[in-house]
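Student: Residue numbers (this note's numbering), protein chains in the order written: chain A, 4 to 120; chain B, -19 to 94.
Hints are supplied without guarantee of correctness; some may be wrong.
To be verified - Quick list of in silico lysine-lysine cross-link-like pairs, BS3-like style, CA-CA up to 27 Å:
1. B:Lys75 with B:Lys86
2. A:Lys60 with B:Lys86
3. B:Lys38 with B:Lys49
4. B:Lys49 with B:Lys75
5. A:Lys14 with B:Lys86
6. B:Lys86 with B:Lys48
7. A:Lys60 with A:Lys17
8. B:Lys86 with B:Lys38
9. B:Lys75 with A:Lys60
To be verified - To list a few chain B residues with every Cβ distance to chain A over 12 Å, as calculated:
10. Ser(-8)
11. Glu51
12. Thr52
13. Ser60
Hint data in this document are derived by calculation from the structure and do not stem from the laboratory.
Small disclaimer: the values here were computed from a predicted structure and weren't measured.
All C-beta atoms, glycine included, are put in the ideal place defined by N, C-alpha and C.
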Amino acid sequence: DTGVSQDPRHKITKRGQNVTFRCDPISEHNRLYWYRQTLGQGPEFLTYFQNEAQLEKSRLLSDRFSAERPKGSFSTLEIQRTEQGDSAMYLCASSLAAAGARDNEQFFGPGTRLTVL
Amino acid sequence: AQSVTQLGSHVSVSEGALVLLRCNYSSSVPPYLFWYVQYPNQGLQLLLKYTSAATLVKGINGFEAEFKKSETSFHLTKPSAHMSDAAEYFCAVSKGGSNYKLTFGKGTLLTVNP
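Could you build the full structure based on these sequences and the hints that come with them?
Tutor: Structural data, given as structure tokens:
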């Protein structure tokens, strides 16, 4: 068990470019979450998956954002036409959701820090 | 809707002193409450969680928190601060347990002075 991994750790891009981030959850975890953390703020929920199904999206997730989890394993978060306001740390977390097990912890990855110039 | 308020964006203590980080919550349903710690350039690590069992919750690294429904509080304490406790601490609430989206506070940066 190597924990939740995210790639890349840092991304610098120019405004208007598209970027894609990857998250690899803990292997047996069926839930995967994306959060965004801006400077001086706590993480804010963006979306989450149960296996390959995207169950909820925050209003923070504008049309320029899309997340996928095609085979219920790794997930990608794409931002199209990046804006300076997209600069943030993007955190991924995973957990094991099972019937009768409401208390399984969310494990967080190290995050991808995005800087939009 | 759920929300948390962390009083004090920055707390400074001396090594060996009591650590008290404050968190008040708002929830329309019985809440699940969490404290996470974040070290620089790292992800979040769970310190402890309240899931409607014992109101006094013990976590890792000597931290504990007490759920007080009458005060809608879930303050984090540690009797004696260590230099390694310097980090940012986040209180979070969920209405659906750990396997549901977390709503975080803005965080409290703890510094520990020698």
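Student: Hint check: lysine 38 (chain B) vs lysine 49 (chain B), CA-CA at most 27 Å. Holds or violated?
Tutor: holds, 17 Å
Student: Does the structure keep lysine 75 (chain B) and lysine 60 (chain A) at a Cα separation of 27 Å or less?
Tutor: holds, 16 Å
Student: Given the hinted pair lysine 14 (chain A) and lysine 86 (chain B), is their Cα-Cα distance within 27 Å?
Tutor: holds, 24 Å
Student: What's the verdict on lysine 60 (chain A) and lysine 17 (chain A), does the C-alpha distance respect the 27 Å limit or exceed it?
Tutor: holds, 26 Å
Student: Holds or violated: is the Cβ of glutamate 51 (chain B) farther than 12 Å from all Cβ atoms of chain A?
Tutor: Holds, since 21 Å exceeds 12 Å.
Student: Under the criterion that the straight-line Cα-Cα distance not exceed 27 Å, is the pair lysine 86 (chain B), lysine 38 (chain B) satisfied?
Tutor: Roughly 23 Å between the alpha carbons, so the hint for lysine 86 (chain B) and lysine 38 (chain B) holds.
Student: If you draw a straight line from the CA of lysine 86 (chain B) to the CA of lysine 48 (chain B), is it 27 Å or shorter?
Tutor: Answer holds: lysine 86 (chain B) to lysine 48 (chain B) is near 21 Å, not above 27 Å.
Student: Does the no-contact call for serine 60 (chain B) survive, Cβ to all of chain A over 12 Å?
Tutor: Consistent with the label, serine 60 (chain B) stays out of reach of chain A, its closest Cβ about 26 Å off (over 12 Å).
Student: Lysine 60 (chain A) and lysine 86 (chain B): Cα distance at most 27 Å?
Tutor: With a Cα-Cα distance of about 21 Å, the restraint between lysine 60 (chain A) and lysine 86 (chain B) holds, given a limit of 27 Å.
Student: Would the pair lysine 75 (chain B) and lysine 86 (chain B) pass a check requiring their Cα atoms to be no farther apart than 27 Å?
Tutor: holds, 18 Å
Student: Please confirm whether threonine 52 (chain B) is truly not at the interface, meaning its C-beta sits more than 12 Å away from all C-beta atoms of chain A.
Tutor: About 18 Å separates threonine 52 (chain B) from the closest Cβ of chain A, which puts it past 12 Å; holds.
Student: So serine -8 (chain B) supposedly isn't at the interface. Is its beta-carbon more than 12 Å from every beta-carbon in chain A?
Tutor: The assertion about serine -8 (chain B) holds, with a minimum of 17 Å to chain A.
Violated hints: none; the structure is consistent with every hint.
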